[in-house]
Every structure is written in structure tokens, then in C-alpha cells.
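Asks: Now for the letters of each chain:
4 protein chains.
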Amino acid sequence: MGVMRIGHINLRVLDMDAALDHYENTMGLSRTDTDADGNVYLKCWDEWDKYSVILTEADTAGMNSIAFKVEKDADLDAFKKRITDYGVAVTDMPPGEMNACGRAIRFTLPSGHDMRLYAEKEFLGKAVGTLNPEPWPDETKGVKAHWLDHALLMCELNPEKGVNKVAENTKFMSEVLDFHLGEQVLVGPDGDIQAATWMFRTSTPHDIAFVGGPKMGLHHCAFFLDEWSDVLKAADIMAKRKVKIDVTPQRHGITRGSTIYFFDPSGNRNETFAGLGYLAQPDMPPITWTEENLWRGIFYHTGEEAGEFTSVYT
Amino acid sequence: MGVMRIGHINLRVLDMDAALDHYENTMGLSRTDTDADGNVYLKCWDEWDKYSVILTEADTAGMNSIAFKVEKDADLDAFKKRITDYGVAVTDMPPGEMNACGRAIRFTLPSGHDMRLYAEKEFLGKAVGTLNPEPWPDETKGVKAHWLDHALLMCELNPEKGVNKVAENTKFMSEVLDFHLGEQVLVGPDGDIQAATWMFRTSTPHDIAFVGGPKMGLHHCAFFLDEWSDVLKAADIMAKRKVKIDVTPQRHGITRGSTIYFFDPSGNRNETFAGLGYLAQPDMPPITWTEENLWRGIFYHTGEEAGEFTSVYT
Amino acid sequence: MGVMRIGHINLRVLDMDAALDHYENTMGLSRTDTDADGNVYLKCWDEWDKYSVILTEADTAGMNSIAFKVEKDADLDAFKKRITDYGVAVTDMPPGEMNACGRAIRFTLPSGHDMRLYAEKEFLGKAVGTLNPEPWPDETKGVKAHWLDHALLMCELNPEKGVNKVAENTKFMSEVLDFHLGEQVLVGPDGDIQAATWMFRTSTPHDIAFVGGPKMGLHHCAFFLDEWSDVLKAADIMAKRKVKIDVTPQRHGITRGSTIYFFDPSGNRNETFAGLGYLAQPDMPPITWTEENLWRGIFYHTGEEAGEFTSVYT
Amino acid sequence: MGVMRIGHINLRVLDMDAALDHYENTMGLSRTDTDADGNVYLKCWDEWDKYSVILTEADTAGMNSIAFKVEKDADLDAFKKRITDYGVAVTDMPPGEMNACGRAIRFTLPSGHDMRLYAEKEFLGKAVGTLNPEPWPDETKGVKAHWLDHALLMCELNPEKGVNKVAENTKFMSEVLDFHLGEQVLVGPDGDIQAATWMFRTSTPHDIAFVGGPKMGLHHCAFFLDEWSDVLKAADIMAKRKVKIDVTPQRHGITRGSTIYFFDPSGNRNETFAGLGYLAQPDMPPITWTEENLWRGIFYHTGEEAGEFTSVYT
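Protein chains in written order, with UniProt numbering: chain A, 1 to 314; chain B, 1 to 314; chain C, 1 to 314; chain D, 1 to 314.
Simulated from the structure, these hints should not be mistaken for laboratory data. The reader is advised that the hints may include incorrect statements.
What the hints assert, rightly or not - Listed below are several chain B residues computed to face chain C (Cβ distance under 7 Å; list not exhaustive):
#1 Thr32
#2 Thr34
#3 Leu232
#4 Ala239
#5 Tyr300
From the three backbone atoms N, C-alpha and C, an ideal C-beta is built for every residue, glycine too.
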């Protein structure tokens, strides 16, 4: 029992039509609902719940909230108590307040991000069904994203002021939500400042990550692809569709995944992350990256910053 | 808390030198120990515990036992009670009885296979370490297997006599060990005979599988590779080393994995299984394959039996 | 100057609608013409000439003729003289007798196959054009075959009767048409019977191949794909479209190419051949495969016959 | 008859030991000779002639000369006449003046680069031999480069002064050496300045390329890899061996090839170029890239300059 995986992310977009063209035709998600406020809900072909992305039109890009699905309804009570005991306020959300979901709980991470937990969401099923399924559907568009894989949240890190929301989030996720620490970057003169962490609940190298920066925000949300050959195909499609690519095909040292970064029309960074990387397990000792190897961890091939990794996020 | 993953498999081999040449030079495992009885212990480069394969010289090939690692020591007590309550006898194994492991419990699956649970095994670490690790080690040999991924056990299935050890194992693994059913084959005139099942505890499509046949045994044990390009490389290496290949590069419909099957020198079937396939989750509805699509599920491309899938196992 | 490449192949098909569904929707060719006799002409997206496949409805499957394109019109005169001098009759074909082509010459190979040479064919252009082209077109269907790559012709081989049309064809192609021998299979008690040959004019390992058997015919015609990842995709598409696969993803020892074999609805064997293999050059010494390694050459991984390689052709 | 392919390149290196470590251990070439002047000769595993790279220790990096192999000895006389008739001086090189080669001719391209033609070089054979060969050798190191594929030469381009050595080279290679123009970049207010060209004699998209810049030099020499999965492996190896990468895994729009650029220890740019791209043929209409799509042609995914493409060469 406990948290299973990332459930959905609510992104702010500047222009809904442009955003839908991107998430539908470039990423390959399908629109499954639109609510009374104009929020649009989309799912990937390999997901079974009704949506993993909520698009909300707004004046600024960014992430409104992120939600994780827990295994059982009773988990919500247990987590409410643990979060409250930790000193973080929890708000109950009645069934339906999150569209097509059962009751949920809502709280704010130490970094300021809005997080929710829920146990039920309307079931729609994978595009390939559950009876003698094909390995992939014919009709999917663009990069044919399998599922929303993870999100990387930017958290305030200001060692001089003693502010480290990366470490605070990591402690909270570990102690309260039973996330496991897969990898971390330690920086500073004594090598003891946790500047970035990658945490998991599934057996994949990360379900959420936190990176320190000047202000909180969303660095990127990532969608899963099978393998390296799909990364080339994805980059080709970005070029064909004139999507702004931030980082061309790379291997991450951290997680070992292969990837491209690019921006949706509102400037929210997306990633297509391919491959399992490694089997993450609770008893796997966390991997540590030191300051001088930080960029080798992020972009393994050059060991140098690429694109606008640190400077641009929403 | 609960079962984390497959921990190790004890294989009987006819000739230890030939077996070691295979598992070391073809598969890429490293020898980590030899005990007083001459059993040899090996680990894959991407595993951190001391071993995942135990080779025991014997007059017949096959599997002596299979072990799963649980998250916490207390899980052993909980599972002992649940297994006993289910009506299955449990034997305590003191620390060290399983080489380099803490205390364990041992029981027999309905199918007759010897299974063990343990919470601790001596830690050796991955070949790439945990400090600024490379994505893969230079020195690994052969197909560079990442880890022992799963095993497929043959279970007696004789509908006329009312014997279905696949269904019995599946019920036991589900109800007692909290495994999730990912996929199943249903056959028979009413389509209600569970002839094969794939079950998981990690987020991968299977950690263990059961297939019905005339007698119990080991169908294969599988080692993980990253992706399809590694499957070609693996098949090339089998050809170079004159390893008997059972099934050339294929995609499974079930699990979506890409694969080759081949035999170790004693005739134990091995698999190199590549790719995540899909993210397996407790709330994912199980996939069902019907009798007429059975072989499409096993070997997706032809939809026909390949190699000696049903006729040869140890 | 001289022969440039395979230009087109004329296949007999039993049912034109079924054949078109196959070559258009599975293989990804486009229909470019239909003549007064009902022959249908198709081209691949990466070809610039009007067609590379001609489909002719008939009562039996097989190949009517195969044509190669020469570099210059004057080559036709030179080859006519050389062929005639070799003792093979040549027929002139006026412009237009081969649809959309200039004048051509026609002759019969020692094996009995009808071969043509031509220098001009109507230009249609690649699907991606010649101005700032995309690397691949969006609209192509199925396996998105790049081009007709080569054909393998079955030739009568009966050593006891002293008949070896493989050797006769090879000598003719080499001495008269300046093809280069890339690889050969030598069999028989003295290892001097040329049982199969692979010949090239481009820098790819083969533009035509000859294999000995009980009777003349077409073994397969092959279409080019980029690489191994496309072979998996192609095999998946065959499975989805229920195309009869003869041989699942393999590596050839000969040519090093990766491949699948399958049948069009009339029973003509097709191949999707991926990768360059190696750079074939006039000064590259021919590769020889001995009888005991013959199948290692054909299907490298198992070194054994797969599918119906020797028994079925049209 | 005529030019077959690139034969070898003579590179100046600042430190022979460092250079050898790079070309042997990173690129996977084998040392085959050292001459009395200390020049070191190396070949790739998939080449049969004695060497394709000559390393000469010097105070500056760069290319001393480039040589192409012609099909027959008589070609040398024919080309000597054509080159001389074109107004370019030709120097005869007696057998052995180019190590292990027969007689050769030498001349200077309009751009100032030293080019040689030869018909004979000592034969050593591929690492896999010609009798029942394996598809790849076991002992090869590093990225396991197949062969020297092409070179890109920088040529002076100064439209204001009416200098365009790209166009002059292209005309010369086409009219005198029978190279075919595969692709070109046209720039300038009238779009008529040939700023870069890619030319071929084999059936691959380029055997040599010319790009305009402020001064003549060597932009890069490229070694062939099979496919995209090898590009990732190559980039991983560069990272492991701390080779300075210029451009991480990319697709070229021009040639469609996938690639990385990096520098040898002396600063000579290398490329690993993977895949056939397309079948280049004399009758294929040349592809034109316009100025606004120039970078889409070079680096397809971003359509922007990457690394130090225009600013750094030797």
C-alpha cells in the first residue's frame, strides 16, 4: 500500500489551441474531457486512467499542481495523518473536485508546490485494450508517448540564506510519502548540500525529481518512450513540426535514460525519456554525484550544460 | 513492505566448467563465491547483492529453488504466518543457511517448486559503483546482462484430471505474497482454464510466470538487456560462441518485450529480455489472451510456436 | 558508365486488389500508373523514377522480368554488342514498350530469367523532394520501404547432370555486365561448385543474387530499410496486418544485413533488408562460404535453415 | 573505371602517443606500419588495404593530403591527362613513394588541398577474413570504426572578392574526376553562391565534401558506424574516455546520416557517421539547401549551429 505513481500534472498554457496541437499532434495524447472551466484533459495511449495531463489556459505558463495515485482509498487517511503529524496542513477534496476522481487530499510541499493524492480516477483503458492486445496502436500520432513518466520541480536553493527546499522536499517525500532516494547531487565546499534529488516509488529510476535554483517552478514533465531509436524519431518529429528543441538526443548520467528536451508552445519544458535505465529498488544504495561531476550526471556525453537547463523554466 | 523482486535462482548444471564459461563469458556474470559444497555464486554487473545465480553440479539440469527478496526482516514473520494460514508448510532457514543471506523462510509452491524468501544478502555493489557512476562498465563480457529479471516455471496442467497448478500458484502468489496478475492465457471450451500467468511485484510486466504443461520444471530464467539493439548483439554473440539458440530475435505479445531464447550447456533455457515493455501497476487491469491468440501472445510476429517452447524444459 | 542499379521487377500476382493492399498499405509503395493491360506500376518514396515494381495479374505467381538501369543511352549499344558477342540473343525494345521508359534491350539469362537494360525512365522525384528535404515523409504507409534493393533468383543446379545455372549467370553478369562478385557459396565434395552468388554494381553488398535449386524462379525481392529498429517495426506491422512471415528478424551472415522474409498475398516472397552491411567495392576480395557454414551464412544466429528458404519460391 | 573511394588521409598530430591512443583505443583502428620518418599507418577492421589513416607528428594539426583509390592502373594515365588538360599540374609519384602503394599521381585542388590518386595498395584483409566471416570481430576496441568514410574540406569562400573555392573544387571534381554532386547549399542575395557541396563516387551520399569558410583546412574526417544505436555507444565511449565532444548525437538533414563530432587530441575533428542515408546514384537529382535552411541541413533537429562547426577547424 502507498503511493503508486505520478497520476497527473496540471499545466498552465498561454493558448489552448496551440497547446492542444502540441499535446495531441506532437506528443500523441488524446483529449478525453473538457470541464466547465475550459480545462482540457488528456491521456497517453498506454495509460488506463482518464487523464494524466490537465491543460489550463492562463497568463503565465507553469504547473498548477501535481497529483500521485495511491493504491487504496484507506491510504488517503493514513497519509493525511502522517502529513499532518509532520506539520503540513492537509485539505480534503471531496469526490469530483478533481475531475473524474474520487476523494483526494491536498497539501503544499516545503518548496511551495501544490501536491495531491487520490486513489480513484475514472477508468478508460489503454488504446490497445486488454484482450489479445497489439503491442502498439496504429492510430497514435506524433511521438506516441506511452505515459506521463515523471516531473522535475525547481525548488529554491540559497545556501547563503540557509534555504534548501530540495533537501526539505526530499526529507518530506521520504519520511512521509515513503519515496526512495535514487540519486542525489551534493555540492558546496563540504559536499553536503543536497542540490538535486531523484526519487521513486515505481521500479523506475525516478517518479519525481527536485533541483535547486533561484525560485520554485516546473523544470519539465517527461513522457515515456521505449528506447533510443524512438528518441531519434521524436527529435525528427520535433524538427518537422518546428517545435523548439532545448536539448538534442542525449544520455543522462543520472538515471541512464536517453532523452530530448523541448518546449510546448507556452514554454513549458517537456522531455521524452526512453528506456528503463535501471531497476530501482528500496534496497539499492543511492547514487551520489559530486559538484565537479554534476553536468556529467545531467548530460553524460559532454559533461557540460546544454540548452537552457538552469536558466529557463516555468 | 513486502516482496521486492526475484533474488536468485539455483540452477543444476551437468558440468560446472562449461556452465561457468557460459554464465561468465557469454552472459557476462561475475563469480563472487564458491561454497564448501562446490556451489558457485554469480552476480550481474548491475546488481548490488552478492549473487543472483547459484550453480550446482548435478546429474540432471533444472532448478533447485528460487528466492525472492522482501523489503524488511519483519516481512518474513508476516509472510510465514500468511503462508502457514493458507495451509502451506513453512521451514525456517537460519542466517547463513542460504549463503551470505540472513534468515529465510522456505516453502513449496502448489506446483511443487521450492521457493524462499529472505530480507538480507551480503552487499557487493554494482560494477559501476554509486559515486558519479558510468552508465555501463567497460570490463563486462558477452551480452553484459544487467540483472536476473524473472523466471518462468512450468506447472502441471491436466484439465481432464482437474489439475491446474498454474491457477493454484497464481492464487497463492496473489493472495499470500501480494503479487499482481499482469497477463494470463485462458483456454478450454469455456475459456476459463488459466493455462499461463505473468505476475509482478516490481513495475515491470513480470517477475515470475507460470505456464501449464505435462510436468513441473523450469522453462527459462531471463536476464535483462536495455533494448532491441542489444538483442541483435546478444544473438550475434550466441552465434559466435556457438550457443544453441532456441528462438531468434522476437517480440513477445505478452509483456511486449523483445527477446532471444537459448540454452546453457546443460540444457537450461535462458532468455535475454529487453525493454521495460510497459509500466506494470497494481491497478492495471490484467490482460487476457485467448486460446486462438495464445501463440500471438508468445511470439507476436508469426503467431506460431517457435523453437521448442512447449516440448523442452528442465 | 555501365549498369547502375536494379530498376524494376515485374511480379505476377493472383489477385490485383490483394496485391495492391500489400504493396501499398504494408510495404508503403505508391501507385504511379496503370497501363491498358491492367498492369499496375508502383514506386517507393525514396526512389525518383516512376516505378520499381510492376504488378501483372496472372494465374501463377512469380517474376516475369527484371530490369537494370544503365548510366547512359550509349551503354545500351555497348551492352548489346557484348551480350551478342557472348552468344546471347538480344531483342531491341523501342521507347515506350517498357512503360514510361526509353529504348531498352532484352535478353535471357543463362538461367532462363528475362532481363532488360534501359537508360531512361520518367522522373517523378522522391516524396521528400530535392529542396530542403525532410529525412522522411510523413504520409508513407506501413513499413515505409525506401527502395527496391535487390532480387534473389533461383537457378537450376544439378551437379549430377552437370547443370549449374548459378555459375553460368555469375560468369555472364561478371564478364558481360561488369557486376562484381561479393560473396559465394561453394559446395560439393571438392568445394568447387558455385551454389550461390551475390553480385553488386552499387556499393552495397548485392544488387542481385543467384541461388541454386531444382528449378528456376524468384526467391525474393527485397526492399531497403534503414536499420535494425526498422526491422522490428516491420515485423510488428506484418503481425498487425496478418502477413505470412517466413523468417522473423535475423541477421544474414552473408551481406551482414538484418532482415525479415514474408510473402505477398500471391506467395511471392518479399524481404525488408536493413543496413548497408558493408561498403562493396570492385577491389574487395569475394567472400566464400563453405558447405558446412552455408546456413550460418544465410541465417547467422542459428546457422540452420529457417522458414521455407529452400522449398518455397515462385 | 574511375575513382572508387577515399583511400587514405594524412593527418598532422601534435603528439604521436596521444594520437595513437585516440585512433587505436577510442576509434578502434589498428596500427599496420611505421615508416622511417616516424609516420604511423592505421587501418579500420572492415578495410582490406593496408591503411586509411597516416599520422604525421607536426607542430600544427591539420591534413597534409588526401588520396583516392582508382579502379585500374590505366585510370591513372587517363586522369593525369584530364587533370593536365584542365590546367592543373600533375606530379608523378613512383611506386613506394606513398608507402605500400603502387605509382600515384598528385595534384593540388583549386582550394589548395593536396590530393593523390593511386590504384594499388598492399592488401592486408579485413579483420574477419573472407572465409565464413563473422559479421564483426571480437577484438576491436572503442567505437569499432568500420572504415574511413569521407572527409569534409574547408575551402576559401569570399564572395566580395569573387573567391569561391567550393564551386571551383566542385567543378573540378565533377568534370575531371567524375564525382557526382549529391547535395549543395546555395546562399547569397540571388541564391546562386555554392557555399557547400557533397560529392560521391560510391553509392553513399558523400565521399568528399567542401564547405566555404575564411581559409582552407580540414573540417573533419569521418568513420563509418552501422546505425543509430552505435552512435549512442560511440558518444558513451567518448564520455568515458574524456574525448572532447563537439556535437552530441544528431541527425544531419544533408545525407540523413546520424552522427557525433569530436576532436582528436591534436584538435582534428573526427566524425562517426552512421547509416547509409540514401542510395546515391548518378541520375539522382542533386538536393539543394537554401540559406535559411542551411542549419536545418547541417543539424536537422534544431536547425541551428551546434558546437563549433564554423569556427574551429585545422
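Asks: All hints, please: hold or fail.
Replies: Hint check results:
Taken as an interface hint, B:Thr32 does not check out: its beta carbon lies about 30 Å from the nearest beta carbon of chain C, beyond 7 Å. With 7 Å as the threshold, the beta carbon of B:Thr34 stays out of range of chain C, its nearest partner Cβ sitting at about 33 Å, so the hint is violated. This hint holds: B:Leu232 has a C-beta 5 Å from the nearest C-beta of chain C, less than the 7 Å allowed. Evaluation of the B:Ala239 hint against chain C yields a held restraint, the C-beta minimum of about 5 Å falling below 7 Å.
Look at B:Tyr300: its Cβ gets to within about 5 Å of chain C, closer than 7 Å, so that hint holds up.
Going through the hint list in order, the structure does not satisfy hints 1 and 2.
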